[in-house]
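Protein chains: 2
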Amino acid sequence: MLATHGLRRAARVRGDFPGIEFEGVTRPWATVEDRVARVAAGLRALGLQRGDRVAVLSENSAAFFELYWAAPWADLIMASLNTRWAVPEMIAALQDCAATALVVDAAFAPLAEQLAKACPSVRHVIYAGSDSAAAPNGARDYEALVVENSPLADQERGGAEVVHLFYTSGTTGQSKGAMLTSDNVFFTGLMIASPFALSARTNALCVMPMFHVGAGTFLVGLTFAASGIVIARRFDAADALKTIAERRITHSVLVPAMINQMLNAPNVESYDLTCMERLIYGASPMPPALLNRAMEKMPGVGFNQGYSMTETTATGACLLPQDHQPDGPFAHRMYSVGQPIAGNDLEIRDPSGNVLPAGEVGEVCIRGPGVMAGYWNKPAETAAAVKNGWLHTGDAGKLDADGYLYIVDRIKDMIITGGENVYSAEVENAIYAHPSVAECAVIGLPDEKWGERVAAILHLKPESSLTEGDLIAHCRTMIGGYKVPRQVIFSADPLPRSGTGKILKPLLRKTYASAGKLG
Amino acid sequence: MLATHGLRRAARVRGDFPGIEFEGVTRPWATVEDRVARVAAGLRALGLQRGDRVAVLSENSAAFFELYWAAPWADLIMASLNTRWAVPEMIAALQDCAATALVVDAAFAPLAEQLAKACPSVRHVIYAGSDSAAAPNGARDYEALVVENSPLADQERGGAEVVHLFYTSGTTGQSKGAMLTSDNVFFTGLMIASPFALSARTNALCVMPMFHVGAGTFLVGLTFAASGIVIARRFDAADALKTIAERRITHSVLVPAMINQMLNAPNVESYDLTCMERLIYGASPMPPALLNRAMEKMPGVGFNQGYSMTETTATGACLLPQDHQPDGPFAHRMYSVGQPIAGNDLEIRDPSGNVLPAGEVGEVCIRGPGVMAGYWNKPAETAAAVKNGWLHTGDAGKLDADGYLYIVDRIKDMIITGGENVYSAEVENAIYAHPSVAECAVIGLPDEKWGERVAAILHLKPESSLTEGDLIAHCRTMIGGYKVPRQVIFSADPLPRSGTGKILKPLLRKTYASAGKLG
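Quick mapping for you: the protein sequence lines, in order, are chains A and B.
The numbering of the first sequence is my numbering, which starts it at 1 and goes up by one.
The numbering of the second sequence is my numbering, which starts it at 1 and goes up by one.
Bear in mind the hints are in silico, worked out from the structure with no lab data behind them.
Just so you know, even glycine gets a beta-carbon here, dropped at the ideal spot from N, CA and C.
Please note that a few of the clues may not be correct.
[Unchecked claim] Stretches of chain B that chain A covers, calculated by requiring three or more beta carbons in the stretch to come under 8 Å of a beta carbon on chain A: (1) 12-18; (2) 340-346.
[As the list claims (entries may be wrong)] Here are the simulated EDC-like cross-link-like pairs (lysine to aspartate or glutamate), alpha carbons at most 20 Å apart as the crow flies: (3) A:398 / A:452; (4) A:398 / A:448; (5) B:398 / B:363; (6) B:502 / B:236; (7) B:398 / A:16; (8) A:297 / A:246; (9) B:297 / B:269; (10) B:387 / A:246; (11) A:387 / B:156.
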């Protein structure tokens, strides 16, 4: 099946309807398709050959969206780079995929020369920014590619051919380029329509960074459904609230940190959010206290959790709106990530690969149309991750008797203290229930007595105060004694996060590895 | 991907919820899966080998539903026989697929011995009826297969392996067995959820005959969505109305003839049909006059046309409820069959295979995940029907500028009279607008002067009367003179129909081929 199917369909069934809106410019689907076919022609005119990689380092934009489709249209592969990486990480990814072209926007134009120099495979830098004065030296202009080329016929990249490389966000270890195929794109585009209620009547807001597959699959699904899509260059809580209210947005994908910021925004009550039908959240664990608050503040919205990863093309499990019931016999389901979406098989396995029964914690394994072809250039890592069609996610979880999945923690994040397993997420949820806490992360730190000790790093809300003793007393009322932090670290700054809003626990572990026990 | 995915998922995510209800017996999804695994074991215990064909000749039943899944579960192929066939046609199909086992219910038990004798490959007759006295001599009992065997592990028939043979309904030429693969079943099961709004909250009624792929794909989609399904043994207008009202049915697939009968049923007004969310209709053209009447009588129901064929696993195009607007600027869309559902590409081609622009009539061609692997044992017919992944449907149609598909007629049904092309559907619609007409069919009959002449065969409503002159005068007010029937034949009996309710035009052509011009 063709990766470009969704775009071609949207141009045919809703060609005159608004497709992509970005910073005041709205283009109908037929125009979007025409521009994609021209960009594809432009890329081929530069000399790019079948299967070459086009790297994109950009904030969100209409051009970024077009490149999602122009790559397979031109029989190329798009590789998206994390905008929050440090320069050495960007260079590593460019070298890893041996990109032939690098597309940058105004925000990353200043890095282009340095990156291209460090990666000799890059023969063309393309500037996709509106401020032409900011273009890197010698860069091709993206709009010129559109204007100066006649539309290319779809080269129909299809089936098992790789079309997108999404680099894993790197909360554990080195980034790896997940190879997503035409079939991955095609079938996940179809699969997510029903669970996330995407249709031609959807008007979506994309504020998730587009280098992240969570945005990618959302956008693919919306295109397959021929929805309207408003793209925001970056996330800003007040801007997002304003856009939702003014553009009558029905669907958006947000990470918990974004929801938290929106709820804490000044005058949040003044925005009319009744247009929202589905608020899809995921990419990192949602503290139940935050979810409850969000549901209270947005009573008409269908909350819809997505649990997934890059390696499954952002499909996995889904907690539907009807499963968000804070009261009653099924209230516990709100603490799950839902059930596997139709098309995915999901099993919990022990370290030997045996399938575990309901109630037992093991590794979450997923099989389905979204499972990647592997990691680019990394056969050993691929073999470890994908076995006989099953992706081994690295997440620890359990199923209940009704098939709901509960993520306990990243397997590597689990803290073993005094022989007991402690899952960070549970401790973090207890801490988040304290009204003074703005952000927290719970990690294991080396400890002579306990092997690891449970450590909490906190960032407090403005004008609030808290002592270690108060926090520990608070936690004791909620979780078992061995789970209560033995060390509390107060951070004046917000906690460091990856591009998708995940707190960078490896960095915290490194920073505080030698921090003595203070409490 | 595995054909059995949907059943396995339903058993996991809604194992305790009602799955299949048939004649007063309701089984939860976990039980349905368990029975399927036992039937699969029973079939293997009889000596059936990988890829063997299990033929089913039965009215609708829970057992029939189980066999849909038991075949791939046991690594076998299910072949379903049209219950309205004459015995020679049944024998031809059994011989064509060289079935190893034949499953019959009470209605077809009397034919089993004759069929098995004529088809020596049939080594086992299995009786799936509740009245054990009606079992054919020497037949195995279906329930015994369930009770006496331990569940077999899913043999995971997958990918391009054939799992179902659905014989085309034979309104044109000899029946051919369309080979549907695991991937066809898997992906169409996913594809139809969104356009037909199937979910775990759906409670569906299946009255379409289950040997027809229209019922098959509906049931597969419902299973993938883990819906509730009420199966009716056969269609009866009053029974269907009663079941909808009493079992609070939300979704059903009906052919126009069924809708017509339901609207004409005594006391139709007394049934509470407000539970209905989606009435999916298709399989034969819907006369607009009938559609308008149905929409008036069921104002809260979302009407949803499906246009498809066996060879695309019953996926094609779909006219959504929001496109059913009898008034306003888009009223013409009600005369279309909608837009291709996401996943399907659709083109109109001329006889040389060139793609035609919007507005021009040609052959409807479809490419997508539902396109069959081919016709069983018929490489020449397969090569003629499927070219480079595109199914050539044999239907004449055109697309409008907005991507809506208008079916003009079966290409073979088109009448050429005096050099003008006349499409039967248009003439039939004009005739159906006359209040005295219960049923009609328009065909071309050999004519010395015109090559073919337009002939109409009518069956009138009870207690009504009509003359040829009145009908022709009525038609002249609606369609061009060359389209008006030159011959009107009044039939005292209802018109002959195939098992799915299609009027058997080849039979009518044969019957009336030598009928002299009467008018």
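* Hints the structure fails to honour -> Numbers 3, 4 and 10 - these are the hints that the structure violates, sorted from lowest upward.
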